[in-house]
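Engineer: Given next are the chains, with one letter for each unit.
2 protein chains.
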Amino acid sequence: MTKTRLTRPKKLKQGDAVGVVAPAGPVDPEHLEKGLRVIRGMGFQPVLGESVTARNGFLAGTDADRARDLMAMFEDPEIKGIFCARGGYGVNRVLPLLKPKIIQANPKAVVGSSDITLLLLYLMQKCSLIGFHGPMVAGSFGCRPMTLSKTQFRKTLTGTPGTGTLTAPHARVLRPGKARGKLTGGCLTLLCRSLRTPYEIQTDGHLLVIEDVNEPAYRIDGMLWQLKTAGKFKNVQGIVFGEMVQCSAGPNGTGRLDDVFLDALQDTSFPILTHCPVGHGNEMWTLPWGVEAVLNTESRSLEIKGRALA
Amino acid sequence: MTKTRLTRPKKLKQGDAVGVVAPAGPVDPEHLEKGLRVIRGMGFQPVLGESVTARNGFLAGTDADRARDLMAMFEDPEIKGIFCARGGYGVNRVLPLLKPKIIQANPKAVVGSSDITLLLLYLMQKCSLIGFHGPMVAGSFGCRPMTLSKTQFRKTLTGTPGTGTLTAPHARVLRPGKARGKLTGGCLTLLCRSLRTPYEIQTDGHLLVIEDVNEPAYRIDGMLWQLKTAGKFKNVQGIVFGEMVQCSAGPNGTGRLDDVFLDALQDTSFPILTHCPVGHGNEMWTLPWGVEAVLNTESRSLEIKGRALA
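Protein chains in written order, with our numbering: chain A, 1 to 310; chain B, 1 to 310.
Bear in mind the hints are in silico, worked out from the structure with no lab data behind them.
Virtual Cβ for every residue (Gly too), placed ideally from N, Cα, C.
Errors might be hidden in some of the hints.
Distance ranges between label pairs, derived from CB positions [as the list claims (entries may be wrong)]:
#: 1; chain 1: B; residue 1: R180; chain 2: A; residue 2: E33; range: 52 to 58 Å
#: 2; chain 1: A; residue 1: L97; chain 2: B; residue 2: S248; range: 52 to 58 Å
#: 3; chain 1: B; residue 1: K34; chain 2: A; residue 2: D258; range: 36 to 42 Å
#: 4; chain 1: A; residue 1: D263; chain 2: B; residue 2: K101; range: 23 to 29 Å
#: 5; chain 1: B; residue 1: L97; chain 2: A; residue 2: P169; range: 38 to 44 Å
#: 6; chain 1: A; residue 1: N106; chain 2: B; residue 2: K101; range: 55 to 61 Å
#: 7; chain 1: A; residue 1: R256; chain 2: B; residue 2: L148; range: 29 to 35 Å
#: 8; chain 1: A; residue 1: P198; chain 2: B; residue 2: A310; range: 40 to 46 Å
#: 9; chain 1: B; residue 1: R180; chain 2: A; residue 2: A310; range: 55 to 61 Å
#: 10; chain 1: A; residue 1: P198; chain 2: B; residue 2: C143; range: 56 to 62 Å
#: 11; chain 1: A; residue 1: P29; chain 2: B; residue 2: T147; range: 38 to 44 Å
Cross-link-like lysine to aspartate or glutamate pairs, in silico, EDC-like; alpha carbons within 20 Å at most [unchecked claim]:
#: 12; chain 1: B; residue 1: K228; chain 2: A; residue 2: D63
#: 13; chain 1: B; residue 1: K13; chain 2: B; residue 2: E78
#: 14; chain 1: B; residue 1: K228; chain 2: A; residue 2: E200
#: 15; chain 1: A; residue 1: K228; chain 2: B; residue 2: D63
#: 16; chain 1: B; residue 1: K228; chain 2: B; residue 2: D258
#: 17; chain 1: A; residue 1: K178; chain 2: A; residue 2: D267
#: 18; chain 1: A; residue 1: K228; chain 2: B; residue 2: E200
#: 19; chain 1: B; residue 1: K305; chain 2: B; residue 2: E292
#: 20; chain 1: A; residue 1: K10; chain 2: A; residue 2: E75
#: 21; chain 1: A; residue 1: K101; chain 2: A; residue 2: D76
#: 22; chain 1: A; residue 1: K34; chain 2: A; residue 2: D76
#: 23; chain 1: A; residue 1: K150; chain 2: A; residue 2: D16
Facing chain B, according to a computed beta carbon distance under 7 Å, are these residues of chain A, among others [what the hints assert, rightly or not]:
#: 24; residue: R55
#: 25; residue: T62
#: 26; residue: Y89
#: 27; residue: N92
#: 28; residue: C143
#: 29; residue: K228
#: 30; residue: F233
#: 31; residue: N235
Required output: the full structure, derived from the provided sequences and hints.
Structural biologist: In structure tokens:
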């Protein structure tokens, strides 16, 4: 259980400058351009980190460059929020180079998903800061429709009233019920990758959000079993699964994912909703990690109860 | 550090009956037939577990079936050793169903690799039993040349004198030196999958053997970083990397693996040998986990110092 009270970053306003950083993999320039137009269309002024367009093998620049970019955005008082350009791989390599005290002194809304999962966990565990699991500039807005998601992203980050209830009409009820807890989670691969690290996911009392992409069913099974064996489902209040894009293809990936989920969660009784717009699909919720929410499978909704922004 | 003194299973003899089990994925019948001929050619009499040819999605039968097969081989006094048919996925699901006391009362040489990594760690940690990381009946002998490996497998498991020194003429010295420690390790994906479980890999004072197959370089990087962040390289004596078959292909997997290794291990000073015949290649050492060995990069050798069998 997260014992420390988490810090709420400040609401964004129309016209605010926002930092765009790439703490993980290299960014496609076309996707970035398209994504920046979307961000500008929302009324924000994107400011690029120096290494956003760098490429160092499977990384967007050296670890030092990516860490410097991220810290520069926290340190610059003109920058009001920090949007990640894409995931990929490499946030883990940046975390040891960040400065938690500077981050704590300059709390800002950080948004990202996929590999950024580890950054959001780090911000909660090491900086007591609420982060946002949501679309990314190049990796989401720059290459997927994200129609409804754009509006919800903007409204959520500007603290527009009346945006607290998110519904997923196409979601499937795997186990009915209503549950309340703080939101946490992210990409399943990265949740497992957090185990035995200083930013290991804390799930007690939480509503857990889980998504992944391009993993055969047997790997999803293995990851859920690891979390289960590690006791991570024991005191969970409910689980929201994302769209799990391309997660059962391939000759070794046979098996319905719903069966995989129910099997791994058979010792639990909390509500489970699947196929929610979280992760690598065409639409994606922007969700505040560490903030109280209510999962209601009957209305296929997630109602944000706590305040995410100051 | 493994504090308990590990139990040595008994040497196998020509003519001994050996159990063949499939605790993980479904087995290709042709590979199995071919592998059984190899095992018979060594002078052993293979006895098949009931579910060896079963298929239950990505598993070789139900968890209960696979666990029952494995326990039956430990319980049957006629069975002198236990050879795994193949890896794949699913050992993790069988472990909670095993009976450590029965295993401890009937110590037998268990041989396997890949997904079987978790079974060998379980045998060491929960049953204080030395296990053998080595070729599998269908998954190795049944589908790969394994010329030298057959002889070394047979000699090692029958305790033939003079088989203690294994050399790898084609191995590459990534960092020179000589080191002594107990052997442990296995498939990197599974080593990470063991974290925060009751059979989590213990590396203190050990020589760590690491291999994997079909993982892009960025995933190898992420897994090594997780082990590093978990402190698993801190008190390691030396590392032996296997052949890492198909581990840098793909557009996102760019980057020389040697660079990935050296980078993740930059805070260490122990000797590192790569490209050793361990894992998913055409030849494969049979190595006793939990037994003292000396790694010598000059002679590209691993000398087994302790006794593995009673």
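Engineer: Decide, hint by hint, whether the structure agrees.
Structural biologist: Verification of the supplied hints:
1. B:R180 x A:E33: 52 to 58 Å: 57 Å, holds
2. A:L97 x B:S248: 52 to 58 Å: Cβ of L97 of chain A to Cβ of S248 of chain B: about 25 Å, so the range 52 to 58 Å is violated.
3. B:K34 x A:D258: 36 to 42 Å: 37 Å, holds
4. A:D263 x B:K101: 23 to 29 Å: 27 Å, holds
5. B:L97 x A:P169: 38 to 44 Å: 41 Å, holds
6. A:N106 x B:K101: 55 to 61 Å: With Cβ atoms ~57 Å apart, the hint holds.
7. A:R256 x B:L148: 29 to 35 Å: This hint is violated: roughly 44 Å between Cβ atoms.
8. A:P198 x B:A310: 40 to 46 Å: 43 Å, holds
9. B:R180 x A:A310: 55 to 61 Å: Distance hint for R180 of chain B, A310 of chain A holds at roughly 57 Å.
10. A:P198 x B:C143: 56 to 62 Å: 42 Å, violated
11. A:P29 x B:T147: 38 to 44 Å: With Cβ atoms ~50 Å apart, the hint is violated.
12. B:K228 x A:D63: 16 Å, holds
13. B:K13 x B:E78: Measuring from Cα to Cα gives roughly 12 Å; hence the hint holds.
14. B:K228 x A:E200: 14 Å, holds
15. A:K228 x B:D63: 16 Å, holds
16. B:K228 x B:D258: It holds: about 16 Å lies between the C-alpha atoms, which stays within 20 Å.
17. A:K178 x A:D267: With a Cα-Cα distance of about 18 Å, the restraint between K178 of chain A and D267 of chain A holds, given a limit of 20 Å.
18. A:K228 x B:E200: 14 Å, holds
19. B:K305 x B:E292: Given that 20 Å is the threshold and the Cα spacing comes to 5 Å, the pair holds.
20. A:K10 x A:E75: Holds, at about 15 Å.
21. A:K101 x A:D76: Holds - the C-alpha atoms of D76 of chain A and K101 of chain A are around 15 Å apart, at most 20 Å.
22. A:K34 x A:D76: This hinted pair is violated, its Cα atoms lying about 25 Å apart.
23. A:K150 x A:D16: Roughly 17 Å separates the two Cα atoms, so the pair holds.
24. R55: 10 Å, violated
25. T62: 11 Å, violated
26. Y89: Given a least distance of 4 Å, the restraint on Y89 of chain A holds.
27. N92: With Cβ-Cβ at 5 Å, under 7 Å, it holds.
28. C143: 15 Å, violated
29. K228: Nearest chain B Cβ about 10 Å off; hint violated.
30. F233: 13 Å, violated
31. N235: 15 Å, violated
Checked against the numbered hints above, the structure breaks hints 2, 7, 10, 11, 22, 24, 25, 28, 29, 30, 31 and satisfies the rest.
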